[in-house]
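Engineer: Listed below, chain by chain, are the residues.
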Amino acid sequence: MRVVVQAAPFDYGAECADFARDRTDMGAVVTFAGIVRGDGGLASMDIEHYPGMTEKALTAIAEEAAQRWSLGDVLVIHRHGPLRPGERIMMVATAAPHRRDAFEAADFLMDYLKSRAPFWKKERGTEGENWVAAKVADEDALTRW
Amino acid sequence: MRVVVQAAPFDYGAECADFARDRTDMGAVVTFAGIVRGDGGLASMDIEHYPGMTEKALTAIAEEAAQRWSLGDVLVIHRHGPLRPGERIMMVATAAPHRRDAFEAADFLMDYLKSRAPFWKKERGTEGENWVAAKVADEDALTRW
Amino acid sequence: MDVLYFAWVRERIGLPRERIETSAATVSDLVEELRGREDRYAAAFADLSAIRVAVDQELGDFDSPLANAREVAFFPPMTGG
Amino acid sequence: MDVLYFAWVRERIGLPRERIETSAATVSDLVEELRGREDRYAAAFADLSAIRVAVDQELGDFDSPLANAREVAFFPPMTGG
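Chains as they are written, first to last, in full-length UniProt numbering: chain A, 1 to 145; chain B, 1 to 145; chain C, 1 to 81; chain D, 1 to 81.
Looking at chain A on its own, in the form it has when it is part of the complex (with noise of 0.2 Å):
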C-alpha cells in the first residue's frame, strides 16, 4: 500500500506501468485519474490541504478498502497546490485476483476521497475566484457503501 501527498506532477503512466508489476497473483487492476475541467473559463485550480491529517486520512480510507475487499496492493496520490485544466489532480489504483473486487475498491475509494479526505478546491478564471462547494451527491454517494 502506498500513499502519497505532494505538490509536484507525478507520472501516471509510469505509476500505472509499475503498478501490481511482477505479481502473479492479482488477475485485475483498476486505475482512477481525476483530471482538472477547464469549463467555464477555468485558469487554475488551487488545492488546500491538512497536512498530516491528509496523510492519515488517505491511509485510513486506504486500509478500509484493503479491509473491505481483497486486494493485493493500492495507490493512493493526491496532489495540492495550484493546477491546470488537463492536469492530473489524482489517482488511484487497486490490484485484486478478481475484478468485481478491483472495481469496487476502486470506486469506494474514489466516494471516500471526495468527501471525507482534507482537500479543498478553489477555482480561479475569468468569473473571478470561488471554492467548489462539496456537492450532495458525493455525501450521498457514501451510503452506498
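Keep in mind that the hints are not guaranteed to be accurate.
Unchecked claim - Cβ-Cβ distance ranges computed for the label pairs, FRET-style:
| id | chain 1 | residue 1 | chain 2 | residue 2 | range |
| --- | --- | --- | --- | --- | --- |
| 1 | B | 2 | A | 86 | 31 to 41 Å |
| 2 | C | 50 | A | 41 | 53 to 63 Å |
| 3 | C | 42 | B | 51 | 24 to 34 Å |
| 4 | B | 132 | A | 43 | 48 to 58 Å |
Simulated from the structure, these hints should not be mistaken for lab results. A virtual CB, placed ideally from N, CA and C, is assigned to each residue, including glycine.
Start from chain A and add chains B, C and D according to the hints.
Structural biologist: This is chains B, C and D only, laid out in the frame that chain A set:
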C-alpha cells in the same frame, strides 16, 4: 474510440499516459487491466479468438458504452496467442466528464467483454491442459445493465 | 458456406474451418446434417446447451436462418477479458 | 491548543492557525469563545452547518470533547478527488 486486437504485448503504461491526454473536458479516466494469474501451476494461457468477428464484437460493445454513458473516449486492447503468468491480457479505458460515467462504462465493458467477445482461454500447466469454462456469475453479471 | 469451429469444438471436430455445400434452412438443420456425417461431429454437437453460434460474425442461435449466410461458426461460451 | 482554519474559514478569519489558551470542554464551547472575540470569527462561524471539525487530525463534530486535544481544525465540507 480505438479497438485493438493483437498477439503482441502492449505498453500498458504508455497507453494509460496517452489516453485522453491533453483533453481539458474530461474530469475522470478509469482503466482496467486483466492479467494472467499463475494459480495452480499455470505455465501458459493460450487465447484463441475469431478474427474478424472479434474486432466487430469489441467495437459494438464500445459503441454501446458510448451510447449509454457520457464518454469522451473509449479504448479496448485485447491480446490473443500464448501468454505467461503476470502478462497483461487486455485493457479498457474510459474518459468522461464525471467519475460515475467513467466507472460504470468500464465496468460494463468488462462484463460484456467477458461473455460476448469471441475469445477462448486454454490453460496449460502442471495439471495438463484445459479450456477455461465460462462462469455463471459472468453471464449473470450482464443482467446488471 | 464456410463453417468455423473454435476452442474444444474445433479440437473435437479436428479442423478449424471447412467449406460445406448445404441447403440447410437454419443452424439447427446444419447441425443435424453435420451430426449425421461422422462420429466426431456427433461428439462435438452432443450437448448443444454448451455451444454458441455466430452467423456471418454476429451472435445467433440454433433457430437462426441460413439463407444467404456466408459463414457460420460454432464455439463454446466465450471467455474474454 | 493549536487552532487551524482552512479554505474560506481561513480567509474569513484571516489566518491559517493560531495558538489559543482555552479551557473549553467541547468544540462547541471553543466556537462560542471564538465568536465572542471579534466579528471575523462571528462571520466565519455564522452557519455551523457549513463547517466541519477535526480534533487532533481526526474528523469530529461540535460535541467532541477537547480534553487533552492538541490541535483543532475548522473547515468547509471537503472536496477531494
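Engineer: Between residue 50 of chain C and residue 41 of chain A, does the beta-carbon spacing fit 53 to 63 Å?
Structural biologist: Since the Cβ atoms of residue 50 of chain C and residue 41 of chain A sit about 59 Å apart, the hinted range of 53 to 63 Å holds.
Engineer: Indicate whether the distance between the beta carbons of residue 42 of chain C and residue 51 of chain B respects the range 24 to 34 Å.
Structural biologist: The hinted range 24 to 34 Å holds for residue 42 of chain C and residue 51 of chain B, with Cβ atoms some 28 Å apart.
Engineer: Note whether the CB distance of residue 2 of chain B and residue 86 of chain A lies within 31 to 41 Å or breaks it.
Structural biologist: violated, 20 Å
Engineer: Do the Cβ positions of residue 132 of chain B and residue 43 of chain A conform to the proposed distance bound of 48 to 58 Å?
Structural biologist: Roughly 52 Å apart at Cβ, these two residues keep to the hinted range, so it holds.
This entry does not satisfy hint 1, going by the numbered hints stated previously; all others are met.
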